[in-house]
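**Q** Listed below are the residues making up each chain.
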Amino acid sequence: MDETRTNIDLVFRNGLKNYEVLPPPEAWNNIRPAIRARQRPLIILRAAASAAVLLSVAFLAYRLSTRITMPEQTVISGLPEGIPPALVIAPGEVQVVAEKNVPPERQIIAEADSDVPGEMEVIPGAADDNLIIQPVETSQTASGVVFPARHGRKDFSLRELFRSDRVEIAAADAEPFYFPDASESGKKTGKWRISALVSPTYYTSFYSGNDEFVSRLMTDEQPGFSYSGGLALAYRVSKRVSVQSGLYFSSFGQELAGITSFAGFQPYDYAKGNRNFGVMTTRGMIYTNNSDVFLLDTRNENRIVTRYTKDYFDPSKANLVYVDNSLRQNFSYLELPLIIRYKLLGRALDFNLIGGLSSNILINNSVYAAIDGGRYQVGRTEGMSMLTFSSSLGMGMEYNFPGNLSLNLEPVFRYYLNPFSQTPALKVHPYSFGIFSGISYRF
Amino acid sequence: MPEIRNIINGCLKGSRRDQELLYRRYAPSLYAVCLQYSDNDEEARDILQEGFIKIFTNLSHFKYEGSFEGWMRRIIVNTALEKYRSRNRLYMVEDIDMIPEPFVDPDNEDYSGLDAGDLMEIIRMLPPKYRMVFNLFALEGYSHREISRMINISEGTSKSNLARARMILQRRVEAYTGIKKKVLNG
Numbered sequence: 001m002d003e004t005r006t007n008i009d010l011v012f013r014n015g016l017k018n019y020e021v022l023p024p025p026e027a028w029n030n031i032r033p034a035i036r037a038r039q040r041p042l043i044i045l046r047a048a049a050s051a052a053v054l055l056s057v058a059f060l061a062y063r064l065s066t067r068i069t070m071p072e073q074t075v076i077s078g079l080p081e082g083i084p085p086a087l088v089i090a091p092g093e094v095q096v097v098a099e100k101n102v103p104p105e106r107q108i109i110a111e112a113d114s115d116v117p118g119e120m121e122v123i124p125g126a127a128d129d130n131l132i133i134q135p136v137e138t139s140q141t142a143s144g145v146v147f148p149a150r151h152g153r154k155d156f157s158l159r160e161l162f163r164s165d166r167v168e169i170a171a172a173d174a175e176p177f178y179f180p181d182a183s184e185s186g187k188k189t190g191k192w193r194i195s196a197l198v199s200p201t202y203y204t205s206f207y208s209g210n211d212e213f214v215s216r217l218m219t220d221e222q223p224g225f226s227y228s229g230g231l232a233l234a235y236r237v238s239k240r241v242s243v244q245s246g247l248y249f250s251s252f253g254q255e256l257a258g259i260t261s262f263a264g265f266q267p268y269d270y271a272k273g274n275r276n277f278g279v280m281t282t283r284g285m286i287y288t289n290n291s292d293v294f295l296l297d298t299r300n301e302n303r304i305v306t307r308y309t310k311d312y313f314d315p316s317k318a319n320l321v322y323v324d325n326s327l328r329q330n331f332s333y334l335e336l337p338l339i340i341r342y343k344l345l346g347r348a349l350d351f352n353l354i355g356g357l358s359s360n361i362l363i364n365n366s367v368y369a370a371i372d373g374g375r376y377q378v379g380r381t382e383g384m385s386m387l388t389f390s391s392s393l394g395m396g397m398e399y400n401f402p403g404n405l406s407l408n409l410e411p412v413f414r415y416y417l418n419p420f421s422q423t424p425a426l427k428v429h430p431y432s433f434g435i436f437s438g439i440s441y442r443f
Numbered sequence: 001m002p003e004i005r006n007i008i009n010g011c012l013k014g015s016r017r018d019q020e021l022l023y024r025r026y027a028p029s030l031y032a033v034c035l036q037y038s039d040n041d042e043e044a045r046d047i048l049q050e051g052f053i054k055i056f057t058n059l060s061h062f063k064y065e066g067s068f069e070g071w072m073r074r075i076i077v078n079t080a081l082e083k084y085r086s087r088n089r090l091y092m093v094e095d096i097d098m099i100p101e102p103f104v105d106p107d108n109e110d111y112s113g114l115d116a117g118d119l120m121e122i123i124r125m126l127p128p129k130y131r132m133v134f135n136l137f138a139l140e141g142y143s144h145r146e147i148s149r150m151i152n153i154s155e156g157t158s159k160s161n162l163a164r165a166r167m168i169l170q171r172r173v174e175a176y177t178g179i180k181k182k183v184l185n186g
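In the order they appear, the protein sequences are chains A and B.
Quick note on numbering: the first sequence equals residues 1 to 443 in the working numbering.
Quick note on numbering: the second sequence equals residues 1 to 186 in the working numbering.
Because the hints were derived from the structure by calculation, they are not lab data.
Virtual Cβ for every residue (Gly too), placed ideally from N, Cα, C.
Each hint can be trusted.
No more than 16 Å apart at the CA atoms, straight line, and that leaves these computed lysine to aspartate or glutamate pairs for EDC-like:
no. : chain 1 : residue 1 : chain 2 : residue 2
1   : A       : Lys17     : B       : Glu69
2   : B       : Lys159    : A       : Asp9
3   : A       : Lys17     : B       : Asp115
4   : B       : Lys83     : B       : Glu42
5   : A       : Lys17     : B       : Glu140
6   : A       : Lys310    : A       : Asp269
7   : A       : Lys17     : B       : Glu121
8   : A       : Lys17     : B       : Asp118
If we take Cβ atoms under 10 Å as the criterion, some of the chain B residues that face chain A in the derived model are:
no. : residue
9   : Arg16
10  : Arg17
11  : Arg24
12  : Ser29
13  : Ala44
14  : Glu50
15  : Ile123
When you get a sec, could you build the whole thing from the sequences and use the hints?
**A** Here it is, written out as structure tokens:
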């Protein structure tokens, strides 16, 4: 084979080595939603994993809190040698355990003490030699806790038991037999509570109509970074119920994909008006108030309303500067909530069910494009409702530190009762999910 | 210009900005590959779209052990192959092992007048079965054994398809060069 000859393969290999062709613009528009759709299950999995971790932590904290609440086991001493302890009183579950081979006369026998309430159910174990006593309700009296029982001899008194010559309980007479509720110690400080809470928030919405254009608008709108936070004041109405109000600030936004913005349009703005462009969104109509901005819908979805259509103005022939390929709508609200908190569990870690309504007042509304980490002001969204109402439902976890402070963690789902837009056709209902965290002070 | 590693990390975190940056940076060269493997622009666009979706969803599998562009190119080529196989346009061609390879004499032939666009146009005129083998063998560097597995043909068929592809390409290159010379010289 003659090496001086060039293989036809090389002609093509070298000729096409650095060849580049710009793909059609719609290619990226088709790729982007597909990536989003594929990433969604990952987001759901992450959310599920986070929820599982949260629940596990809450459960562990709850378990820990119950142990912290009643940590000591009453130790019975003074038993004759060779006989292991027969009475073990554990938190929440009082057990009288008779060791195997203990003769019946050495097992716990008590007399009824009729003037003291409280019951203890005595359940024989699988074998007669095991005896378990489960408290139904306990109460403190001057002489101790009395558990009328329903086994063997009808009732008995622990006080009598303690005084029996068979067992001794250290300081049983001196100190009442009492299981303190550690969680109560912190809660008797006052009925008021002030909290500072903050949460990253995920906003999204669903559309209840069947207009194809609105559905398309929604697919082009992606939630942006959102957060909420503020001060809450709660009043404890009863042992379990609290009423809470306060003042929150929340900010949320969304990104409009495919609306490309350019700067430097002012020299071509023959109308010398500010509202050169209108962009249809599910939140309302964006109107530009910056005469230097030129907007182009690169997805060809007719979202832009303008006098500068392709027939009148060709942006490719103008000296415009590319800014960003999407617009960002940002809204800020002041929230005035009215929340009811119902305590499900009261330990060192409290669990509360939270539900209520909030009125939200629109205080800021802006539309911008991102450029080099900064904002290029474009305009504002019009047709927004100034006042919206939302309902919320959540689960509050509160860890009580010694003293008056507590740590809060509150996953809250919020549904907006009226749409953000005043346009009746835009039946887009926003909802959000946030995990509020913060500290509370009781007084 | 952001580092490709930063862009990849951003994509892995779901950053739309980085996804678009990655697309804008590599789409032109990969679209050229798509054109090389497709019958028409629409098919090339489909390959690009499907290929990029695979790239984004499998980005976590890229371990920086080789060229990132090469890794993406392989995905695009595989996507083109899947499309080709799904169309089931293959039919058996007799094995011709002894067809001589066409050679171009650089002393007598001047191909400097042909640009990449011309070459692409020529390559796309090939029948799909020849084009596929030529692309995989001559441009991607696969062996006939590998090609036979990739597109489910025998090694002999791969060789014969390559030989025919080369023959057609040589004629067309010559024809294009002649036409261009005529046009340029008046």
